[in-house]
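**Q** Put the complex together from the two separate chains, hints included.
Sequences listed follow chains A and B, in order.
Everything in the first sequence is counted per my numbering, starting at 1 for the first residue and increasing by one.
Everything in the second sequence is counted per my numbering, starting at 1 for the first residue and increasing by one.
These are computed hints drawn from the structure, not numbers from a lab.
Using N, Cα and C, we set each Cβ at its ideal position, and we do this for glycine too.
Honestly, I wouldn't trust all of these hints.
[Unchecked claim] Restraint ranges, calculated between C-beta atoms of paired labels, are given here:
| # | chain 1 | residue 1 | chain 2 | residue 2 | range |
| --- | --- | --- | --- | --- | --- |
| 1 | B | S243 | A | R186 | 48 to 56 Å |
| 2 | B | S126 | A | L55 | 25 to 33 Å |
| 3 | A | V197 | B | F201 | 52 to 60 Å |
[Said to hold, decoys possible] Here's a subset of chain B near chain A, in silico, CB distances under 7 Å, partners left out:
| # | residue |
| --- | --- |
| 4 | K7 |
| 5 | V10 |
| 6 | V18 |
| 7 | S38 |
| 8 | W110 |
| 9 | V111 |
| 10 | A119 |
| 11 | I123 |
| 12 | G128 |
| 13 | L133 |
| 14 | G221 |
[As the list claims (entries may be wrong)] Restricting the straight-line Cα-Cα distance to at most 27 Å, the calculated cross-link-like pairs of lysine-lysine (DSSO-like) are:
| # | chain 1 | residue 1 | chain 2 | residue 2 |
| --- | --- | --- | --- | --- |
| 15 | A | K164 | A | K104 |
| 16 | B | K98 | B | K198 |
| 17 | A | K104 | B | K277 |
| 18 | B | K278 | A | K104 |
| 19 | A | K193 | B | K7 |
| 20 | A | K193 | A | K136 |
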Amino acid sequence: MELLVKENNTLSNSPWLLLHASAVFAFLYLPIAVLILYSFNGEGVGGFPPRHLTLGWYRILFADGPIWDSVLNSLQVAAAAVVIALGFGVPAALALDRTQFFGKALFRRLVLLPLILPGIITGLSLLMLFNVSGTKLSLLTIILGHGTALISVATTEVFAGLQKLDRAQEEASLDLGANYWQTFWRITVPNLKLPIVGAALLIFTLSMDEIAVSFFLIGRDNTLPLEIWGRLRRGITPEINAVSTIIFLFSLVAIVLWYRLRVRSEPDVDVGSEIVQTAEGHTI
Amino acid sequence: MFSRAYKTAVTLPPLVWVTAFLLMPYLLMFCYSFWSVSASQTIVHSWNLDNYRQLLQVDVYWQTLLRSMWIAARVTIFSLLLGYPLAYFLSFYAGKRKDLLYQFVIIPLWVSYLVRAYAWKTILGSEGVLNTLLQYAHLTRHPLEFLLYSPFAVVLTLTHIYTPFAFLPIYAALEHIPRNLVEASHDLGATPRQTFWKVIFPLSIPGVVAGATFAFVLSLGDFLAPLLLGGPSGIMISNIVVSLFGAAYNWPLGAAISLCMLLLVLGLLFCSERLEKKWSFS
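Excised from the complex, chain B in its bound form (with noise of 0.2 Å):
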């Protein structure tokens, strides 16, 4: 029923500008990462593999990226454990207070990821409300230094701020579990935790692998949470190209730092997906 000519016009633009401002600039991401810079800090087109070359051979960029990799999937595993016993509590316990409490969930997501990370800075200062609250309640005598400037904090503020998104996945998959496949488990007499682990968690499955991509990747990238809160150990892969980036002036590094991010990225996408396809009923 749609003309040739409203195809086109539907078609043309966006494609054109998403060429121009999303295919050309990974391209170019892609062009640079075989560039590299002159002593007089000027790019020189060259193609070579030298920047891949050092990647492999300079050890605190592949220690990183593998820090940094620990790091996320300490993240993941925590919004899990957090967000999936409350998707699950929503979904079968909460009965009439279900949208109320999912709306609860929702909120946080949205306040921005600055200020949320700005918060948890004032809470686990030196002079912090934590700090300060222990030593009033005399339960510490001097400041707690390992709470700010470490792993742990950016772990902590990285997972206080992906629960919300491992939670939605899983909790949308939980509700689709037809609910008479739960209540036949139970009248042929399996216990609720055999119904649990037998029928409701092998179908919410692709909602796990969601969740744990959406929390995987993005607080891999992360450079904001780090430079926050993560201090001279807590440096991830990200901070690293910031740095390439601005003061050491290597661009061409950064981008080849970055072209592996988004490789890394875009297989764990086709895994989750192939993951996904695998584990859905429907």
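Next comes chain A alone, as it looks inside the complex (with noise of 0.2 Å):
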């Protein structure tokens, strides 16, 4: 009987289904190819048939300054954004797993809020702090916007290893006289090495890319995504296209390492659907 369902369910049995299929990856492609396709088009952005194909613009865009500035300035804030994410989102879900407190339903959904909120919301609501704060808005509040936010991604990934991870490794650590400090090194940081390093590269990436909190939190140095917005604001040239080329690549290059690393942590996993369910608070 298996085999007659399975009969039934071939791509040759199912043309609509293919066809629609089809569609959808056509619809969530054709940006992707037209941008990149137009980043060595010597006549401008748009226009039908493209024409003269050309290197030119990604020679403009290594010699633009201001581009590169920000490029500097966003590798820095995600950087420091990965170390408060995992700073504070590894205890959080420490805490999560194994203790109990006042609060602690309303921590967690606090924890996890930056995930399905505009983020409009939280970038307004730090403005509102920084200002009633007197702190004057630079990178480091662009920082603390995205480590804040991003605490949500560390917590989800480090949780989700914790389940999996069996306690009488750590037991044993401490019943053999070493003290936590020493089994928090030692045991739980190795076994949980797939979760955090996968969620460093997810904070890197998400941070390098975010636009609406910083849009709200930015000072005098721009972050890559907001020196890009400012350009699109003054009109439209190919080096867009050709800077957002070299994103996609790089982006392309984590998500396929991100890929592999859960794979090779947890081969039947629903990789990425994660990240969704668990900003409704599925897993946690």
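**A** And the structure:
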């Protein structure tokens, strides 16, 4: 009988579904393809067919000082956001897994909230905090914003890892005379290596792309998405396509790395859907 | 097995941080929404309900909120119409290619939001790729102006961005359906159509609710796509908030609108959680 079901479910028996799936993939990839194609177009951003293919826009891009300054800023922000998000997200996951305290349910919801909340609300509420406390807007305020919002990612990833962790190892370590600090670094962290590295990669990528929160916390120095945003407002050139193509390639590398990490650690996990589900509090 | 000191060490730092940088800012937003701005452009810390009264009385605010919800609803419907059959196809028909195709759905999710919105702008503009293509093929003589700077452009772009979000939980729900249920339905003589509507679809409802919530909430609060592609008729509620915090300088009124959005989102999350629980079978 199983055979029969399988025979029913072949590609040739579902032409409409196949057609629909092809159309959705075309829809998802059309803008990306257009973006990359026109980064080589000598005639500018629009216009069909593309004419005078050239690497000129990439040459202009590499000579463009402000863009590279903003790339450096973004790299710093992303690195610092990873440190903050992991620094507080890992203990938060441990706390949710291993302790009971007053207000724990509220704490869990608060930590996860920035994942599902539109960025404008997180950004504006932090803007008001910095305003009231007299903090001048700078890259530091963006770092605080990204770090805080992305604790959610670190917590969900590490919490999922903790669920699969065998506590016997930690118990044995404690019984054999190691203190909590030693046990944490020698047993807990090595066992959580993959979720932690995965979370770091994800946080870094998300921070590099983030714009809705940064939009409100920006000081004088731009991050890369805000630099691009500023130029879009002034008018568009294929230089933006060129830098977008490069960002795309880097995101692609990060995704592939992340995906392989996840598959290696848990071969049958629903990669990706976890993020969406955890945002709504399914795993925790 | 964990000592009191251990528990304090892992609980206290995140608790303090989250209180300082998440809870406090939200509470501050709440406070701001009851304050006002004086004629000399300073914030007056006197408590009153004027901002909320204004929200109800001035048409443009609640009309824009309704329009934003209508845009978000359309994005949600289109994302589900695109995402559900795709998830169904991958889960039940794609065979060995399932994992590869799954990755292809994920990849656009990680391409910068801004970059994708910008790409649609270059496609839809009056000098853009689509219009010049149509003229090149002699299908139109003049550029179609409704494509860009319209609610259409916003809905199209946001649908493109949130379709993978809608797809993911639906796919996860479909993958979790025990295959022997489907086989049992076939064995007992149900047609494929009956099996889908009586077995598969009801079991996938929690995923549909999760995907719909995500698409609706995130597109409701969007302000970048409307700024980039919406034009005057595509303005959304967040754009009003942005201008109140910028040139219009009325933070308290902006805070009141943001708080309404926050409450709306929390209410939706609450409802969707209840719905998912009601329909989950495990």
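**Q** Which hints from the list above does the structure break, by number from lowest to highest?
**A** 3, 7 and 20
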